[in-house]
Structure formats: structure tokens, C-alpha cells
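Colleague: In order, the protein sequences belong to chains A and B.
The first sequence begins at 491 in our numbering and counts up by one.
The second sequence begins at 5 in our numbering and counts up by one.
Since the hints were derived computationally from the structure, they do not count as laboratory data.
Where hints are given, some of them may not hold.
If we take Cβ atoms under 7 angstroms as the criterion, some of the chain B residues that face chain A in the derived model are [claimed, not checked]: (1) Val30; (2) Tyr68; (3) Pro69; (4) Pro149; (5) Lys158; (6) Asp166; (7) Pro170.
Dumping the calculated DSS-like pairs for lysine-lysine here, alpha-carbon to alpha-carbon at most 27 angstroms [said to hold, decoys possible]: (8) Lys793/A to Lys807/A; (9) Lys182/B to Lys496/A; (10) Lys728/A to Lys86/B; (11) Lys701/A to Lys174/B; (12) Lys53/B to Lys546/A; (13) Lys496/A to Lys174/B; (14) Lys500/A to Lys174/B; (15) Lys500/A to Lys27/B; (16) Lys86/B to Lys546/A; (17) Lys152/B to Lys706/A; (18) Lys496/A to Lys188/B.
Given the structure is predicted, the values throughout are model-derived calculations rather than measurements.
Built from N, CA and C at the ideal position, the CB exists for glycine as well.
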Amino acid sequence: MIVLDKNGEKLNLMPLNVGPSHPATHGCLRFMAAMDGETIVASVEEIGYLHRGFEKMVERGTWQQVVPYTDRLNYCSAIMNNIAYCRAVETMFGIELPERTKVLRVIVNELSRINDHFVCVAAAFQDLGGTTPFMYAFNPREEIMCIWEKLTGARLTNSFARIGGLYRDSYAGFEKDVLAALDSTEKALKDLHACLDRNRIFLDRTVGIGKISAEKAISYGWTGPCLRACGVASDLRKDEPYYDYETYDWEVVVGTQGDCNDRLQVRLAEIEESVKIVRQALKRLAPGPVDIVDPRIRVPAHKLAYQDMEGLIGRFKSVYEGIRVPEGEYYSGSECANGELGFTIISDGSGHPYRIKVRPPCLTQFAAFHELVEGGQLADSMAVLSGLNIIAGELDR
Amino acid sequence: MSVENIFSTLEEKFGAKRETLDKWGVTAVVSGAYLHNVVQFLKDSAEVKFDMLVDIAGIDYLTYPNHEGPRFAVSYSFKSIKTPGARIRLKVLVGEDCLKVPTITDLYANANWYEREVYDQFGIVFEGHPDLRRLLNHVEFVGHPLRKDYPAQKRQWLSTNDYLLPELEKRLETLGYKVIQRSKEVEPNDDEFLEGSVKA
């Protein structure tokens, strides 16, 4: 297409389609760029290739049956989504969780965050052509995955949280495994920093690329590490604390430039903070129950179903009718690895959710994609894309 | 609490009503005619400035027990970055006979995609939206899947992805370029659609 620019100069632009099957778009994102040589002049995006109808499907099941669906939102940190959803419903019930559950949730939350950030940084490198950091980052990630296997029985889609508790208590030796994973996380961080911080190629590819101002990021509704990379110290764990996050000793990491390099470095620094939180949480982990005792909310244990009439009824009603969440409308946001994962929940007081709207953190970040890539080179758009950590599962739902 | 004060201001200035169903936060039901003014007020002149639009959700009350009033609602969630922890929700009720809500894309950049999503899933039209297309479903999709009368098992054959060239031209125009010769493939032709598909 031929266009006139602001000065009236003629330009011959080439429309270039990127994705959805480009390796760096992870199979689910597509954008069309108007190219002037190597430079992107304008870009428009299309999403929806992974749309599975999450919000329609959850209306068909019970409140507990939503949990496995939430796994499939951000599949890099599945447990975090379970917890965010359960927290929203628990707030509607007005449940006070047992101390051990809170601490365990903090531990698995932060381990998931470490996992998610490692995947993001590793994939960003892979997309820029560096394979070594991928190996560095995936060693501790594998250790955490092995913890998930022992703890939940699954590696990726864990479905660990339950409304009013957890699927089960931690196993014997959990603390030892977590400590070992933290040690190798710290070692990997050291390796990664040695590999990245003064790496000429990496810095050339990421510093000053995909810059966005704090005002614009807020207007686009950015949250999480991407917003913090712009220098805005906004973290729901500090702003609206839950699970006693305010009592742990940790810092909100902020960047300065709001460019691609900052977004990756903020993630690496957040891993350090998460390690701090998990170490403190492990010290608080005291024996105790993990589920609340209320057969109307948390299904009674198997043992009770065989011995006790009440337990049997509770189990039966919980499975067949679902728990009855109080009627009302509520928005709850939790700080997940990519930012604020929100659930707008409409309950009509029955055993099935009337409507659940997910607010995925990725959507707002990808909505600003054209602002980040316009004026840059085509190759930069890949660095920007992986730095945003777009997870198509939650983007398209 | 200052959010409560803001709600009373909304009540006085814009005739907002408290949504009693929201027992955990503050939700104001405002009329569509005032929506833009209310959002502008929340963003610029309220004592707590709600500078971030967190979410827009459509709601269909068709099968809601004992529901009276308009069938649809659009729920807006805002939060404040400057005053951490402050949140407010707005709700606009939309009747089936007039599925229209004014857009707030001029106030928040992310309202663009959120409004497209609500349009896609519920068929609610946002007046003044610069580019109201489907967001999650593809162009050929017929109907609005999150409406309660849309069967969840229903299948549709979708054969093509979005035709982004016209949007690309629009984007170039907003950036200050003037398209003088369009690309040859700018309009989709019949060959682009597979047999059996419903054309957009």
C-alpha cells in the first residue's frame, strides 16, 4: 500500500502478517504490521485463537468444578489461579482460613511465581536466540515441578486449592524439598545474572526497546511486573494484603525505564523477593488443619463419609448440588505472576455460578502491543512480545 | 471511608443508586446517559482518582431468579493507583429493546478491547467506539455466546481469521499517514471463505 506521511512524502509500505503460527507468538497471537523496510510503521493485533469459552463452560458446573478450569488460564502458574478463584469465593462466604492453609498458599503462590517468571525470562531468551539461560532457568523449575508432582499429583494443571482449604496437606519432607528448590533457584539466578547483565547482544536487543510511559501503562490497565517495570510500585500483595503478605519482609520491585530489559529484570528481582517470602513462610509453617470445618462449604473427608451420617450427607450434597455461595456480586483481584487476575462473580445463591468474568492480566498488556512495537524493527517486536509474557490461555480464555 | 463519600457525591450529582447485591464493596448503578460524565468525574475530579479501568463485564439476567428490570447490565470495575486499595464498581442496566451504552474509550485506552469483548459476547453496542468488532470470536461467528439463551453445545463452522488490512489502514490514518493506494487484497473475496461457512 502507498501512503503519504506527515510531511507529504510518499512511502511504499508492505503489509506483513505475523502469526498465529510464528514460533515466538506461541501459536495463538497474530498481528499485521505495515512495514517500511525493517521498520514497523503501524500494527494491529488479533486474538482469540485459543478461545475455549471458559466463562460459558463454568456456568454449567458447580462452584467447585470451576477450579480445574482456572488451571487452564495461566498454565505456567496454575495453582495461583486456583487460589485467586478460591479466595474470591471465600470472601463471599466470609471464611477465615486456618493458619496453615494461609501459609501453605503463600508458599505455593510464590513458588508458582518463581516458576512463571523463570518460564518468561527463559522463553524471552529463547526467542532472542539464546539457549543457555533456558537451561539455567529450567533446572530449578524442574525441581519445583517435582514438588508439584508430590504435592498435587500433577505437574502442570494442579487444581490444588479448594474453596475453604486445600486439596490435601503437604507431604512429609515438603519443607526439605522446597528449601532445596530455593537453593537451586538462587544458584540459577546467579547464573542468569552472569549471563544477562553485561551481555552485549542481550542489552542491544532489549534496552530501550518497547518503551512505555507510566501514564500510558496505567491507562492501558497494566498491572504486575510490566507496570512495575515502568516505575509504579503497585502490588496487590502490599496494597490490599491477603494471607498476611504484609507481615513478611519483602520489597516491591520497580524498574525505571519501562522497556523490555526492565520487564525481564523486574521479573528476575521478583524471584529473589519470592525466595525471601518462601523462606520466611517455611518458618511459620506449623502443624494444623488445612480445611475449614463446614460441610456446607468444604466437602467432609473421605473417612467421615464412610463412618458418619453427617459426613455422608455433606459429601453427597456437595458433589451433587454444589455449595451455595451467598447471593451477590463481587469483584476480587489477586496478584498473580502476570499482574492482577480478577474475578467478577455474580451469584444467584444456587449451587452453580451465575456468571464469572475473568479479568486476565495479559489482555491489557497485549492491547498496548502496537504502541510498543511501532517505530521499532520487526525483530524487536519478538523481544517485546516475550517480555510481556503473554499467556494465551488467559488472554483468550 | 472516602469511597463511600464518592458514592454519596455520585448519588447527589448523577442520581446513582447503591447496588445492594454487592455486599463486599461499593457498586453504583448509574443510567447510561450519565455514564460518560460519571467515569470522567471518577477519573479526574473525585477525591480519590480512579485512574485505572480494571475490567468491564457484561451480565445477562435472563434466567436470574426473581429478576426485575432490564435484561442486561454492564459492570465497570475501577481502581486507584494513587490511592492503593480504593476500588469502585459502576453498573449500567441495558434493556433488550435498546442495546446501547456510551463508550469510554476516550478516557481509558484499555476500554477499547474490553468493550469489544462485551459486544462480542453479549451484543451490546458501545456508541462512539472507534472499532467495534468481535474480539474473542472470529468474524464469521453468529450470535452472542454468553447470553443465557445461547446453547453451550452449539457448534459453528469458522473458516477464516480477521481481515486485518482495513484495520491496519485505519491505524495508519490515526498515526497521521494518508493512504493513497490501497493494497490489492484489502477486501476479502469469496475464495477466502470455505464452503459451508457463514459469511460475516
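Colleague: Could you run down the list of hints and mark each one as holding or not?
Modeller: Now for the hints, and whether the structure bears them out:
1. With 7 angstroms as the threshold, the beta carbon of Val30/B stays out of range of chain A, its nearest partner Cβ sitting at about 11 angstroms, so the hint is violated.
2. At about 5 angstroms, the closest approach between the beta carbon of Tyr68/B and any beta carbon in chain A falls short of 7 angstroms, and the interface hint on this residue holds.
3. For Pro69/B, the interface hint holds, since its Cβ comes within 7 angstroms of a Cβ in chain A; the closest pair sits about 6 angstroms apart.
4. Interface hint at Pro149/B: satisfied, since its Cβ lies 6 angstroms from the closest Cβ of chain A, which is below the 7 angstroms cut-off.
5. Interface restraint check for Lys158/B: the shortest CB-CB distance to chain A comes to about 10 angstroms, outside 7 angstroms, so the restraint is violated.
6. Satisfaction of the interface hint for Asp166/B is found here, the shortest Cβ-Cβ separation to chain A being roughly 4 angstroms, below the 7 angstroms cut-off.
7. Because the smallest distance between the Cβ of Pro170/B and any Cβ of chain A comes to about 9 angstroms, over 7 angstroms, the interface hint for this residue is violated.
8. Our distance criterion of 27 angstroms between C-alpha atoms is met by Lys793/A and Lys807/A, whose separation comes to about 16 angstroms.
9. Simply put, Lys182/B and Lys496/A have alpha-carbon atoms about 8 angstroms apart, close enough for the 27 angstroms limit, and the pair holds.
10. Restraint check for Lys728/A and Lys86/B: the C-alpha separation of about 14 angstroms stays at or below 27 angstroms, so the hint holds.
11. For the given pair, Lys701/A sits about 23 angstroms from Lys174/B by alpha-carbon distance, which is consistent with the 27 angstroms threshold.
12. For the given pair, Lys53/B sits about 34 angstroms from Lys546/A by alpha-carbon distance, which is inconsistent with the 27 angstroms threshold.
13. Taken as a hint, the Lys496/A and Lys174/B pair is honoured in the structure, with Cα atoms around 15 angstroms apart against an allowance of 27 angstroms.
14. For the hint linking Lys500/A to Lys174/B, the alpha-carbon distance of about 18 angstroms falls within 27 angstroms, and the restraint holds.
15. For the hint pairing Lys500/A with Lys27/B, the CA-to-CA distance comes to about 60 angstroms; that exceeds 27 angstroms, so the pair is violated.
16. Distance hint between Lys86/B and Lys546/A is unfulfilled; the C-alpha atoms sit about 35 angstroms from each other, more than 27 angstroms.
17. Between Lys152/B and Lys706/A, the direct Cα distance comes to roughly 36 angstroms. Violation of the 27 angstroms bound is thereby established for this hinted pair.
18. For the hint pairing Lys496/A with Lys188/B, the CA-to-CA distance comes to about 23 angstroms; that is within 27 angstroms, so the pair holds.
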